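Chains as they are written, first to last, in this note's numbering: chain A, 1 to 848; chain B, 1001 to 1228; chain C, 2001 to 2409.
Hints were generated in silico from the structure; no laboratory data involved.
Please note that the accuracy of each hint is not assured.
Unchecked claim - Covered stretches of chain A (chain B as the covering partner; in silico rule of three or more C-beta atoms under 8 Å from a C-beta of chain B):
id: 1; region: 10-20
id: 2; region: 279-291
id: 3; region: 294-301
Predicted model, so just to flag it, every value in this text is computed and none were measured.
We put the CB at the ideal spot given by N, CA and C, even for glycine.
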Amino acid sequence: MRLLTKASLRYLTHHRLQLLLSVLGVALGVAVVLSIDLAIQSAQTGFRISAETVSGRTTHVLVSDLGSVDERLLNTVRIDLDITASAPVVEGFATSSVLPGRALRILGIDPFSEGPFRPYVAGGSTGLDVSELMTTRTGVVLPASLAEEGGVSVGDSLPMVVEGEAWSVPLVAIIEPADELARAGLADVALMDVAGAQEVLRMVGRLSRIDLRISDDEAGSAELEAIAGALPDGVGIESVGTRSETMSGMIGAFDVNLTALSLLALIFGMFLIYNAVTFSVVQRREILGRLRALGVTRDEIVRLILTEALWIGIVGALLGTLVGIFLARGLVGMVTRTINDLYFSVSVQGIDLRPFLFAKACVLGVGATLLAALPPALEAAGANPRMAALRSVVEGRARVLVPRAALVGSILCAVGIGVLSIPTRNLVVSFTGLFFIITGLALITPAGTLVLVAAVRPLLGRVWGTLGLMAARGVGASLSRTAPAIAALVVAVSVTVGLGVMIQSFRGTLVQWLDGTLRADVYVSLPGPTASRAAGTMWPEVIEDFVGHPEVSGYSTYRGMDLVRDGEAFRLVALELDPRGEGAFDFLEGSSSDIMARFRAGEGVIASEPYVFRRGLERGDSVTLSTASGDRALRIIGVFYDYGSEQGTVMMSRSLYDRLFDDPGVTSLGLFLEEGADSERVVGDLLALVPPGRAVIARTNDTLRSASLEVFDRTFQVTAVLRLLAFVVAFVGVLSALAALQLERARELGLLRASGMTPGQLARLVVTQTGLIGLAAGVLAVPMGIALSIVMIFVVNKRSFGWTLNMEVGPEVLLQAVGLALVGAILAGVYPAWKMSRTSPALALRGE
Amino acid sequence: MNDRGPSIELIDVHKSYEEGERTHEVLTGTSVSIRAGERVAILGPSGSGKSTLLNLISGIDLPDSGTIRVGGTDLGALTERDRTLFRRDHIGFVFQFFNLLPTLTVLENLLLPLELTGSTNGRADDRARELLAAVELEARAGAFPDRLSGGEQQRIAIARALVHEPDLLLADEPTGNLDQDTGTRVVEALEALVAAQGTTMIVVTHSRELAGRMDRILELDHGRLREG
Amino acid sequence: MTASVPSRLRLTRPRRPGLVATVATVGLLAVAGCAGPAPQSTDGTETLSLVATLGGLDTAGYERALEVRDFVFPEDHGPHPGFRTEWWYVTGNLTSREGRTFGFQFTIFRSALAPADPGGPSAWSTNQAYMGHFALTDITGEDFRSEERFARGGAGLAGAQAEPLRVWIEDWELSAADPAATGTVRASPFPMTLRADGKGVDLELVLQSGKPRVLQGDRGLSQKGAEPGNASYYYAHTRMPAEGRVTLDGQTYRVSGLAWLDREWSTSALSEGQVGWDWFALQLDDGWEMMVYQLRLEDGSADPLSDGVLIDPAGRRISLSWGDQVTVTPTGRWRSPVDGAEYPSGWRVTVPDRGWDLSVEPAVLDQELRVAFRYWEGAVRVEGVGERGRPIRGRGYVELTGYAGAGIE
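Full structure from sequences and hints, please.
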């Protein structure tokens, strides 16, 4: 081993704590990035595999905006158009009491049509006896994993609730998919015959879609043309790619948000590494100077420092990979649940450990380490071999750098603001701007610290005398070492503040919106797979019974459909409103009563803010819908605030809907009660009216409100976790930097001890100093955090979701931030203080 | 370097430092010439620029104006990297504070200059042990510097400065931090080694006694060198 | 003659039940093997042992052919869903105005997947499955194309009805040509329309009855084995004048010729030891038809139950006992290009008592249906000495099963 390498290795092993913290910094950064990547990837893989497995080798599908097509369309396609590779599909969701917490995907198929499509149905490899499936009414086939989980075997009855109706369906077969992929794709699938699926999903006469396999050649194009010509109004042909892109596009904004947050953690990790490496350089200034005097070149010094960083990076990245996998296991559940809550049902089978993601995380980790180590390495090399030893020179230079850094920081902030003002919906642009601002703020931090410490110095002097003054001066004097630590802490705390304020504002806005929107006393819907959206069709007789309850004085009906048009998903809603429900809408502009009058008259539709925002529309523009009689353009007569769907919602009056669509169904019901009625009791009465074997969810206004907020809180769980992780990374950074700073001052502190300072006084000096840094960071973080939250609320959120939020800054978020910073910094002082106070001053004086 | 060893030439060298608002003139047109194999002491009060002079001769620093030639090589014409390599190959350093690398053992400290100049074979080890023996510290080869006394450390520093057989040895207050007896032993060690190798030596010192043991004494006064 | 009845019926039994049984149990698996629009390739791994397949079938809950019954028309033209298996089996030879000759096979098999209909509100709900085989031999062009289809008997995709007659799988169809007319001529579905397409072939024919229908076996009860119920109900039209058109790769030919219809429904299955059969349906120019089959046993010998029958120009049946009254001797061999499976190709068929000595040659060598259940079924030319020692020519169809992959291990 080369002596230089040996020297640096011995240095690192002598400073184990510092080494450990550096490695930890890289590891945490890598772990967070990797775990988020893995979680997102796993959710997407789960979705993709399930989509691919369910669609098999389908190339195109015939679908209707309204979610189903007439089953006779299959005969038209198969027999009249002679398209042999065409298969009927009836899809829906169910729950089962033996499979708690799972949404079962009912896949209704015709085994005879499956040859070209789904090998697991027709392939024989799964050992599926399809004649049993066909000839057993509502018979169901489960993959082995589900059957095992539910403890059911062939011949048993599987309890199932579908669209609010209780079924006991015979389990006719269990399939063991031949390959891992099919196993994953089928993990939540309950296979049924098309007849049985139609029956339990109450879709008799309808198909969810018709799968086609069209060759990618001239004959195929001719077939597509022939099909297009034969399709009834309201039915379209879509390629499978487009469809699943639309679906995965829905969670795009969600993914970008999480990825951005995970990168933030990595940046904190970089601060940590920068800290650590800077420290190791600062501590070795004299040694490095001696080496330079001995004739070690600058290149060799840079290489030496970077090699150290490289090893730290590699070890940290490897460790981070392990931690990342561990973290991902927790995160994937949260991510999946959020997707299930907000977007669509997806089942995730374990973590998709994609080598690319590991490579990416490791490269990011090692790259970030090298990048962070480069400035201190260059500085070390640039040092004059003799002058390097003189700390005051370094500190003096650092102090010159402070205003310069602040200037550069201001410029970066300005660039960030500039980037943010680019009119685009691209989230990457938004986050780039945000990162510019964060980096800029970090650079301004040292100057801010100096100003702050100067401000509190007189106060400290009065309270603690010389010791206080020393502590304050120490902060400023050691800025070359403390600046990165303070910057990291400030950024971490300000991001915590920013996210906190954003979430608080979001929640506040949602509460306000729910209060305004939830006008009815009781809400009735069917149990469904997605928590935030009602689905399915209620039984008319149940509606009749409910509306007829003596204490019900009025009602609104709601029909919601998830549609896809031009590759973008949105929700179409038909409303029949009780007059008391009309005030529920808060419009961006225009008189509410005028708009609602026109709405009632069917003069047009109202659209949610995200809907118009995403499509660049405004009031007065029109929305085109595929109706039963072809495409119809409808004018947007009003745009309302809505936080229920990020994809956007278009609403029309029930009378208009009935004219345009052949669909008498009702998805959910809002009931208005007589004055003074007890809604809890009425809910009990209503549930008693539901015939056995059927289930509805009836909730009072309050229950629905808190259920909605629960979903909201779940949604932000991941964000909260990331926020915490980012903070931990920064915290570790501060801890390591401040602790190392104090340890490095051993000689100086030893001198103080020798001059008669008691261990207690010394501890107070050290803790006061680190505490000052913490306080400065906390105080600086507040305005920065608020600035960040403004950006997140008014730029990032608006861009990703099209939501206007009312900003709310609660004192608890701010106090929490300052408190955290303070506590972190004080803790960072405790260990060195303890260590110093236990060391003999003579030893400390002796130094290296 | 020519055959006759280093002849050091300083011609009208100026050097000043910024100290806040003030400019501190350290060298104001110094010229001097030192022959190969000569042992020279530079005397002067604190802050007179003695160390600066050493930095300039070793190529660590560059003069504001004037020319410095070491063994015929104009240091001002070299890049920073070439000056470092020049230093590595031809110059040995002994400083007032001991300048050993704390994370290397005594033997490794001696081996480092050899490794840097590319001679890392078995002979390097022999050479290092030979010098350790010369300073009578071969028993401490495996110890770390912080286990050694100040005098021992300085003897090691001398051994290290000469281990790669430099043409020129620069010593900055080599005894400044030592008591009389120890200082004497260190100087004796230094003289013995330099004499054995025929090395040119420049010693910066406060000590008249130490200066008196050299061939020639130069005094630095108000930025200029004159024979003392 | 009576002694030979059971064996004769038994012969026709196995030839189709094998296929139908495939629908019932393995066919659905085979659907995948044929990969939808391209059912041409089938490898042996996806087929099962014929006997194992049929032996595993449970007859409980199905109707059985227990005794002689009165056939009732038009009802009996239609489906008998209480029986496990049933088919409408049409083969024939055609000649275009230009003299281009064709052979065709059109079969719709019905198979009950369970004794009872599952019920339920969906139009898809059914226990009936259908399989169709369609093959055209372009004798002049020495080309052979075949296609198979599967569909459930629900949602209008496939089905069968008696009045007016319509048996269909997707757009393949055998039906009363004039539904209104059948209402008046109650007992007969004739004239019938036959329509099928696939692989660049389009066939549309009108079939006349030609001769009266023949009730096979004992007044239509075809006893299969000693046990009661091991039998089928079976009738045939052995000489149906056919007229229509064949479109081949866009070229349309007006054609006429003779077709043969077998109608059979049953529940019972093949017995142990039988591995396949060679079946001959020959239509001679002098108005006679001949049907002969040889049932092959595992040891390669002919089952003594193999049999034959002659139909005279007036439609009368004359039974022939196997081995002495009728002999079949292969005269050549042909290997399947798929796996080299060897089929007999060319035969000498004699009826010594009547002096018949016929040479039967494939019109095209390769008429193997490479569908889920691989077999050879093709048009043949007949030449030789017939009734009263007169030289005679004719055309016909031969079916050879149990030679390749399917049906034999």
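Q) In ascending order, which of the hints set out earlier in this document are inconsistent with the structure? A) none
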